[in-house]
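**Student:** Since chain A is already given, all that's left is putting chain B on it; use the hints.
2 protein chains.
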Amino acid sequence: MPLCHYIYLGFISMSGSDKCLQGQSPDEQDYLRYFRSYAFISHQRSMLEDHKRTSAYHRAILDNRRQFEGKVVLDVGTGSGILAMFAARAGARKVYAVEATSMAEQARKLVTANQLDNIVTVIQGTMETVELPEKVDIIISEWMGYLLLRETMLDSVLVARDRFLKPGGAMYPSHARLLWAPIRARESAERKADFDRVMEHWEWFLIDMKNHYQIDMDVLTLPYIAEQKQNYLGGGEWADVHPDQLLSEPLASPLLDLHRITIEELKAGVTGEGSVMLKSHEPIDAICGWFDVSFRGSPEQPADHPIDLDTAPDAQGATHWGQTIFMLQPPLRPQPGDQLALNFAVFRREDYERLLRVRLATRLVPSGTTVQQEYSVD
Amino acid sequence: MPLCHYIYLGFISMSGSDKCLQGQSPDEQDYLRYFRSYAFISHQRSMLEDHKRTSAYHRAILDNRRQFEGKVVLDVGTGSGILAMFAARAGARKVYAVEATSMAEQARKLVTANQLDNIVTVIQGTMETVELPEKVDIIISEWMGYLLLRETMLDSVLVARDRFLKPGGAMYPSHARLLWAPIRARESAERKADFDRVMEHWEWFLIDMKNHYQIDMDVLTLPYIAEQKQNYLGGGEWADVHPDQLLSEPLASPLLDLHRITIEELKAGVTGEGSVMLKSHEPIDAICGWFDVSFRGSPEQPADHPIDLDTAPDAQGATHWGQTIFMLQPPLRPQPGDQLALNFAVFRREDYERLLRVRLATRLVPSGTTVQQEYSVD
Chain A
481 MPLCHYIYLG
491 FISMSGSDKC
501 LQGQSPDEQD
511 YLRYFRSYAF
521 ISHQRSMLED
531 HKRTSAYHRA
541 ILDNRRQFEG
551 KVVLDVGTGS
561 GILAMFAARA
571 GARKVYAVEA
581 TSMAEQARKL
591 VTANQLDNIV
601 TVIQGTMETV
611 ELPEKVDIII
621 SEWMGYLLLR
631 ETMLDSVLVA
641 RDRFLKPGGA
651 MYPSHARLLW
661 APIRARESAE
671 RKADFDRVME
681 HWEWFLIDMK
691 NHYQIDMDVL
701 TLPYIAEQKQ
711 NYLGGGEWAD
721 VHPDQLLSEP
731 LASPLLDLHR
741 ITIEELKAGV
751 TGEGSVMLKS
761 HEPIDAICGW
771 FDVSFRGSPE
781 QPADHPIDLD
791 TAPDAQGATH
801 WGQTIFMLQP
811 PLRPQPGDQL
821 ALNFAVFRRE
831 DYERLLRVRL
841 ATRLVPSGTT
851 VQQEYSVD
Chain B
481 MPLCHYIYLG
491 FISMSGSDKC
501 LQGQSPDEQD
511 YLRYFRSYAF
521 ISHQRSMLED
531 HKRTSAYHRA
541 ILDNRRQFEG
551 KVVLDVGTGS
561 GILAMFAARA
571 GARKVYAVEA
581 TSMAEQARKL
591 VTANQLDNIV
601 TVIQGTMETV
611 ELPEKVDIII
621 SEWMGYLLLR
631 ETMLDSVLVA
641 RDRFLKPGGA
651 MYPSHARLLW
661 APIRARESAE
671 RKADFDRVME
681 HWEWFLIDMK
691 NHYQIDMDVL
701 TLPYIAEQKQ
711 NYLGGGEWAD
721 VHPDQLLSEP
731 LASPLLDLHR
741 ITIEELKAGV
751 TGEGSVMLKS
761 HEPIDAICGW
771 FDVSFRGSPE
781 QPADHPIDLD
791 TAPDAQGATH
801 WGQTIFMLQP
811 PLRPQPGDQL
821 ALNFAVFRRE
831 DYERLLRVRL
841 ATRLVPSGTT
851 VQQEYSVD
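In the order they appear, the protein sequences are chains A and B.
Positions 481 to 858 (our numbering) are the ones given, in order, by the first sequence.
Positions 481 to 858 (our numbering) are the ones given, in order, by the second sequence.
Among the hints, a few may not be true.
Copies of one chain are not kept apart here, so a pair can be met inside one copy or by any two copies together.
[To be verified] In silico DMTMM-like cross-links for lysine to aspartate or glutamate, where the CA-CA straight-line distance does not exceed 25 angstroms: (1) 690 - 529; (2) 532 - 772; (3) 690 - 788.
No lab work stands behind these hints, which were simulated from the structure alone.
Predicted model, so just to flag it, every value in this text is computed and none were measured.
Next comes chain A alone, as it looks inside the complex (with noise of 0.2 angstroms):
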């Protein structure tokens, strides 16, 4: 029996199957599940075209690029090779250009057309076994995923930075942080009419196998409860947020120092808890997710202008990664005077590493109701 063709949007989160083979080890399901799609040319070209992305990068290299002469660089992830191009540019002495598809002969081939080839050396490998001559100065990595963390590349620039980088070497972007906030959002009350869609359906669905087949399906039901929860209400969902939505400010993780956080601190996740004042009391229909990073160089290194990008709720749009929204259904409802306290906790799940849980607390005071939900984000 076939597949049935699914639409798959890359984001709903579906449990309930999460087995693996024995002797599968994580850098096989990894490779499948994750790398294979960068070696498509239109998924460069449209994180290329991503001008918020590319133009920050742009600027963080070359209006810094007294930082950069001279130096040494190592461009993780170079995919197409545009940030190793952007280092080039801006006078570094060396730029190695590690790239783990065959994306790296687009790379390279890129280089040479661009006459960049005398400085920039593209690499086809992973940072986890690559080899490369020398020490760097510099490491600049586009490695940010949904939710900043899906993907979980920034382990591979950690070990890059752990393997290659001098001492008081720079980390382009810096730093990292994750921001949290309430928001109006359609989508919560879309995904439970969807659901309740399919409940119905598998009431007649149940009905249909007694009367054709006699074969009575009604012990499937809860496990299939479960199952559709949590794909239309279980996961962090891909959204282009308006500045509209937003209920209040919004609420930080602490700042992540790229030149110093460890691998461990990385798994141990990303935590952090806060209360935020509500602009208005209607009712709050999801927790909005989002990132920004900052490339301010190293201490030793500080860049002369430092940049920020930021992926908040932008009323021109969104950037490719948008944001991710967490549906609350029902939705909170906040009395007069009510202020909302929001506990997050974003993990690694041990099976599938790139993909993250998301735990969320909120708790509306001083009226008091708490939920507490854990989503995937896949």
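**Tutor:** Just chain B now, kept in the frame of chain A:
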């Protein structure tokens, strides 16, 4: 950088990346790309509620109860357990229901809820590794994928046959074949238009990258054209074809006899050729492929009531398999008096064995236009 939220239609072929990490076994790739979806109840449900499919099996088993009474049966890839339950209802003495995924747990619950657990034993495992206490009289299985052979679950069925079927035992279904016909299809012009739009976008992208970043990406144009041609026009696509679209009677492959075909023969591919009389001389937009199977029992144990399950274009709508259509761009343009000669070959791809290569050669006779193309069924 995140995976863009691509809409993945299970069928649009995307070439470009098939390099695997060292040491990755076919089984391990397999699990991730194939088995996982069967662990979802919603997936099982959508197959069960395909009544053309499920009722064909119901009749094939229940109408042939004389062939099942007192027999030992094996259900390969039992999923929800439905076929095993049909066999038990038809009077089987014992049914072994083997399922590779965690759906086996649900099957076990269903078998118990329907009071058939004295007859049906659900075993979680693969046919390649499972042990059974005895040989079986009958193997039942719903193994067919898109274009019959995608997914290649048939391999597991043949392994089961070779390991467990008694001499003279019966396979349900017993026979299968592929069928082909030229069709009119607006998808062909639509995909061409999609491709043209993407290439127009690419031209703007090149200008954009030069203006914003002074980077020349033109060296990627030829690989990008190849990538997108394969994406839009190089794959077999799922469609629900109406009989009015057919431009001739179908051409059928030789009949595959499930009692006799070997795994080596299967690997060598399903090929055939022939000519069809065209009903009209309008342009031929695509070649449409589908399959049928029949339940005739074995020569030693023939079915009292042979049943056919056919997935041909149907005015009442397709089974969940649909048909598979292969675009001819530009369309073939028959002259008055032309017939269509068609030569087809369907092979497994060496890298991902559940994916197919389909070679179609079409020739208009006598006017002479010949087109040969190799497609991917992903």
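**Student:** Would you mind marking each hint as holding or not holding in the structure?
**Tutor:** Structure-based check of all given hints:
Taking the shortest alpha-carbon separations for residue 690 and residue 529, only the inter-copy value of 12 angstroms comes in at or below 25 angstroms, while the best intra-copy value is 54 angstroms. Taking the closest pair of Cα atoms, residue 532 and residue 772 come within 25 angstroms of each other only inside a single copy of the chain (12 angstroms); across copies the shortest separation is 53 angstroms, beyond that limit. Taking the shortest alpha-carbon separations for residue 690 and residue 788, only the inter-copy value of 23 angstroms comes in at or below 25 angstroms, while the best intra-copy value is 61 angstroms.
Of the hints listed earlier, there is not a single one the structure fails to meet.
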